[in-house]
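Chain A is fixed; fit chains B and C onto it per the hints.
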Amino acid sequence: MRLALERRPEQSRTMTVVSPLIAIAITVLVGAIVFSARGLDPLHALYVYFVEPVMTLWSLEELAVKTAPLVLIGVGLAVCFRANLWNIGAEGQFTAGALAGAAIPIMFPEWQSPAALPLMLVAGVLGGIAWAAVPAFLRNRFGVNEILTSLMLVYVAQYLLDWLVRGPWRDPDGYNFPESANFEGWHALPTFGDGRVHLGAVFAVVAVVVLFVFMSRTLKGFEIRVSGEAPRAGGFGGFSRPRTVWFCFALSGGLAGLAGLCEVTGPVGQLQPIISPGYGFTAIIVAFLGRLNPIVVLLAGIVLGISYLGGEAAQIELGVSDKIAQAFQGLLLFLILACDTLIRYRIRIGRRETAVATDA
Amino acid sequence: MTGLEAVIMTIIAAATPLLLAAIGELVTERSGVLNLGVEGMMIMGAVGGFAAAYVSGSAMLGIAAAVGAGVAMSLLFAFLTQTLVSNQVATGLALTLFGLGLSGLIGEAFTGLPGAKLQSVHVPGLSDLPLIGPVLFGQDVIVYASVALTALAGWVLARTRLGLVIRATGGNHHSAHALGYNVIAVRYGCIAFGGATAGLAGGYLSLVYTPQWIENMTAGRGWIALALVVFSTWAPRRVAVGAYLFGTVWIMGLYVQGIGINIPPQLLASLPYLITIAALVVLSGDRLLTRVNPPACLGQPFVPDR
Amino acid sequence: MTDPRANDPATISAEGAPDEPGGTPVGTGRSSDETTGDANIADAAGIADAADAQNGGYLLEAIDIVKRFGDFTANDGVSLKLRPGRIHALLGENGAGKSTLVKIIYGALQPTAGSLRWQGGRVSVANPAAARRLGIGMVFQHFSLFEALSAVENIALAMPGPFDLAALGERVTRVSAQYGLPLEPGALVADLSVGERQRIEIVRCLLQEPRLLIMDEPTAVLTPQEADQLFVTLRRLAGEGCAVLYISHRLEEVKQLCHEATILRLGRVVANVDPETETAASLARLMVGADVHEVSTEAHASDGPVMLSVSGLSLPSAGPFGVALRSVSLDVRAGEIVAIAGVAGNGQSELFEALSGERLAPARDAISIAGAPCGTAGVTARRRLGAAFVPEERLGHSAVPGFVLSDNVLLTRHASDRAMVGGGFVSQLETRAVAKRVGGRFDVRTSRENPEASALSGGNLQKFVVGRELDRDPRIVVVNQPTWGVDAGAAALVRQALVDMARAGAAVLAISQDLDEIFEIADRVAVISRGELSEAYPARDIDRERVGLLMAGAHETGESAGRAPPPEARA
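Chains as they are written, first to last, in this note's numbering: chain A, 733 to 1092; chain B, 63 to 368; chain C, 146 to 716.
Treat the hints as calculated values from the structure; they're not laboratory data. No residue lacks a Cβ here, since even glycine has one placed at the ideal position from N, Cα and C. Hints are not guaranteed to be accurate.
Claimed, not checked - Simulated DEER-style distance windows between Cβ atoms: (1) Asp216/C <-> Thr748/A: 43 to 49 Å; (2) Ala340/B <-> Met839/A: 28 to 34 Å; (3) Val69/B <-> Val941/A: 46 to 52 Å; (4) Gln1047/A <-> Pro176/B: 24 to 30 Å; (5) Ser572/C <-> Thr748/A: 45 to 51 Å; (6) Val941/A <-> Val451/C: 49 to 55 Å.
Stated by the list, open to error - In silico negatives: residues of chain C with every beta carbon more than 12 Å from chain A: (7) Gly215; (8) Ala312; (9) Ala332; (10) Ser338; (11) Pro355; (12) Leu367; (13) Glu397; (14) Ser454; (15) Arg471; (16) Gly516; (17) Thr576; (18) Arg582; (19) Arg620; (20) Arg689; (21) Ala699.
As the list claims (entries may be wrong) - Covered stretches of chain B, as calculated for chain C (at least 3 residues, CB under 8 Å): (22) 96 to 106; (23) 229 to 235.
Chain A on its own, in the form it takes in the complex:
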């Protein structure tokens, strides 16, 4: 038996919708198998993991807290990936944004003014842009692969954060813990509800709507899509590839920076050596599960947000390591990519082919 692919004349619209659902379904199925292999009741375990997180108001708010950075970063990455640009360093841009924004309250703790927060937000965005500008510049100027450079800068940003919170930015009254002072007053993000959901969730929704309209209705959005799909045709259309590189990296870096700033001025409330449970990487999965479409990215962000909460719940209630969340996330991305084959190809199974031997 063998598997043969047959190219469809056009992309299948049905499969565009169905394939991520298949991927999620298989992930859940694998989850059930893993849980029962550990001697747990799979149905109960799945309930704890995937359903409970959305059953109470408290956990829904917590879901919004987790989803906001995923969507903010993911929606920027979706635009980037659409342009066939591989910014995989969002985690670094997230960190850089957090650092740039946090510099204001740390260096001027006395300056409590309504102007402080907007300024911090701008600084956060600029920090993310600055970090993303390096791979963009190196790619445009020297033709250096942006995948490697953007990823390398993640480590650099994390070491920079580590150095700052252990050194110059350590809270003088913090009993020598590697932490900055807490951000309070005009240095902290306004919150809603029970006090966990923050302004970042609003930013995420706004970014989704704006980028949806931008990508589907404007000439610039068209330019980005052409540039990714067929760069040569993009050049023929009069669109500059370097300009697209700059734009996409600035956009995704800026949004990641904003997410980072929101995280440290919101739920975290200070700088610590680790400020993200891998949001920048998980957002890659969000972007793909979201079909690189801003609206769907919002839904995908919620799914991945649940996977974080479910991981925590599973640890508490089932005694399963919360590391399982990351494994599920990776598996999900695999399955999305595998199922996406159905969009472009029909799969034929079973017909025997004779021509396989070579004299190699």
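For chains B and C alone, coordinates are given in the frame of chain A:
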């Protein structure tokens, strides 16, 4: 052991995982496949190797398990990218994210446990020679394997029909197919080789270098190995040079601190990543080096028409 | 019929084809079929039947071959018989099923139904290696060569037996000299001309001492002189007893070279004829199935204003395997078509990209459009000056494969059509309307409204991308390979549209490898060779032979006439 010996030994130890991972990826890329999942295969090799060695008490079984884990991961990648023609960049990323997640899950039970360390070779007489004794004759088998595999890959690629077929597949898969070569099979093989060496590299980290299981212990070495392949312009000999240069940089940090120079350790720790970026920039300026070697089909999907 | 197996329903004789159920009537070609069919049999009986009574002396028989790709039937019951020592032409339009049939014979494709016989015995050719073991060699139309490998490495890939490059290199040198195909074994393919690359392919086949050599459109990339040289080699091979299957749609050369011809149309055999007794026109009718629409034009000298002017344009090659442009100068006037002939890979794409503005010239006045110097202006600025461009590659350059046609309209017209974009927002109403108009005006056939570009056939997509530009009523049209790889109907429509544009006052520059096309539409002809452009001669003052000499570089300046690869090319 003298100070110089110790320095050289640690440099070799730091360079070996880079060299192993890079030489496998080089062969994979020569066949036209870009596998960005080196980090994921490596970390699975590390956890698989450690777990097997801990459970069985045998370091050699650990090595076998590390290789097996790397190959298994790479075949997953091969199935997606070759059989299902998924995007290679995205699939490689998925492999890395999946590997990091799964290894964390598997490895949790092994965190902080002492492992079975792979012993170094001892050749009576030769290993006791000053300086060259331990450096040349007192290493462990993985170090020798890394050098042997690099030489082997270089020889196969340059001098044998198999190597010619691999280069042809990476250069023009349509022509290779038209000549009757099974492009997909060649690529499956090269991807599996890359998985084996990346798994071995991971096993080296958890069985020799550290030797214990620490989450995310690969620390970006898989990505640096990818950069090394570019840096070497797909030439095995230059990959070896590059790996040892980077091993030196990696180790330099420790010694600079040891001497007592006051540099933030975080800066030294970020040096390998910064230098990787710098190396990529310098190399890309040299058009002569980048002319012929980059496989023309690198990263492009291939679907035979039947 | 005297065919010993005439009762075998699989055998298609000259008369059999038109009677086939569903077969297209051959029209006026029919009578000549019958006579030549008889002549053929008489001839064949003299040589081969006596030699081998069992299978009529055939080396290879393809019987009732059917090949389907999904819903599309590329070969529909095709039969073909080849004899040793004969050059057998396989004629047909693009899409007639020639390549499919040949790939099946060579083992690169497996037939859906039907069988192959080799020297009378049934064989299944599992893959090209198996074909080579039988003694079948093939020279591909788009060469199956590896640019980054040397000539001898390329050959070694197709050779069974022990791997010894040095010994093989010596054999290559010997055999290539023997057949008049000089070759340097160590040369990197990327540094070789198209003709030299073809020699590698041929030598690669010859080294395996083939009994059957398949040549897929071998002269499409050669100068007339190089083609003549190739014919000498092929005749010599046939003289040594090798069968040659010669695929072409160039009728004159088939008449000149081939002993027999099988004509395919829409996946079926429509006739087996003796090409010598046919005329080019009768062969063409058999191929197309109807009288070919003749493009109505009359070469004339234009005295309109110069609309496109290139002066002293030099550009270094962009990539390691590219061609540098050297001091190219050319004027195109309103109302005329200037054609640029040349063998593929001599700087056509580079010239096109310099003209379109995808690559910028070093000086502003190297290129002028409608009198405005714009050498350093991008493609959008040039479009605003009234220029329109059609590149060679349809998918990925002219059009985005995965985008619908209306989005592909936006691709090149976003700057010149005011109504398409307002305040940064795209008017889908307008892009759809234009796509629809282009489809109607240029007979673009689609299975549904506004499909993705990749779903169109080559001919329909070419009509669309040409139509998209001409629909703007541009003052200047630059088109690279206007009818490359499209069916005859679409080709005629595109050529006629270009001629009509010029007659309506536009300046048209057509870059083409197809000399038939050039002489059909051009008012003046220039030739490009290794990045140098000749003077443009009035079409009526220049013949094919002269164009052929220019294609081989007769106009090039001394320093570049030598064939040595550029010194900096070898690292």
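Structure-based check of all given hints:
1. Between Asp216/C and Thr748/A the beta carbon distance is about 23 Å. The supplied range of 43 to 49 Å is therefore violated.
2. For the hinted restraint 28 to 34 Å between Ala340/B and Met839/A, the CB-CB distance of approximately 30 Å keeps it satisfied.
3. Distance hint for Val69/B and Val941/A: a CB-CB separation of about 58 Å, inconsistent with the stated range 46 to 52 Å.
4. A beta carbon spacing of about 26 Å between Gln1047/A and Pro176/B agrees with the range 24 to 30 Å that was offered as a hint.
5. Between Ser572/C and Thr748/A the beta carbon distance is about 25 Å. The supplied range of 45 to 51 Å is therefore violated.
6. Between Val941/A and Val451/C the beta carbons are some 52 Å apart, a value that agrees with the proposed interval 49 to 55 Å.
7. With a least beta-carbon separation of about 6 Å from chain A, Gly215/C fails to lie farther than 12 Å from that chain, contradicting its non-interface assignment.
8. With a least beta-carbon separation of about 19 Å from chain A, Ala312/C lies farther than 12 Å from that chain, consistent with its non-interface assignment.
9. Consistency note on Ala332/C: stated as away from chain A, and its beta-carbon is indeed over 12 Å from all of that chain's, at 25 Å minimum.
10. Taking the minimum C-beta to C-beta distance to chain A, about 25 Å, the non-interface status of Ser338/C holds against the 12 Å cut.
11. At roughly 16 Å, the least C-beta separation between Pro355/C and chain A is larger than 12 Å, which holds for a residue marked as non-interface.
12. Every Cβ of chain A is farther than 12 Å from the Cβ of Leu367/C; the closest lies at roughly 28 Å, confirming the non-interface assignment.
13. The beta carbon of Glu397/C sits about 36 Å from the closest Cβ of chain A, which is more than 12 Å, so the claim that it is off the interface holds.
14. No beta-carbon of chain A comes within 12 Å of the beta-carbon of Ser454/C; the shortest separation is about 22 Å.
15. A cut-off of 12 Å between C-beta atoms confirms that Arg471/C is not in contact with chain A; the least separation is 23 Å.
16. At roughly 21 Å, the least C-beta separation between Gly516/C and chain A is larger than 12 Å, which holds for a residue marked as non-interface.
17. A beta-carbon of chain A comes within 12 Å of the beta-carbon of Thr576/C; the shortest separation is about 10 Å.
18. Against the 12 Å criterion, Arg582/C stays outside the reach of chain A, whose nearest CB is about 20 Å from its own CB.
19. For Arg620/C, the non-interface assignment is confirmed: its Cβ lies about 18 Å from the closest Cβ of chain A, beyond the 12 Å cut-off.
20. Consistency note on Arg689/C: stated as away from chain A, and its beta-carbon is indeed over 12 Å from all of that chain's, at 33 Å minimum.
21. In this structure Ala699/C is separated from chain A by more than 12 Å, as the shortest Cβ-Cβ distance comes to about 33 Å.
22. Counting residues of the segment 96 to 106 of chain B whose CB lies closer than 8 Å to any CB of chain C gives 0, so the stated coverage by that chain is violated, three being the minimum.
23. Figure legend: the segment 229 to 235 of chain B, annotated as covered by chain C; annotation consistent (4 residues with Cβ-Cβ distances under 8 Å, at least 3 required).
Comparing the model with each numbered hint stated earlier shows that hints 1, 3, 5, 7, 17, 22 do not hold.
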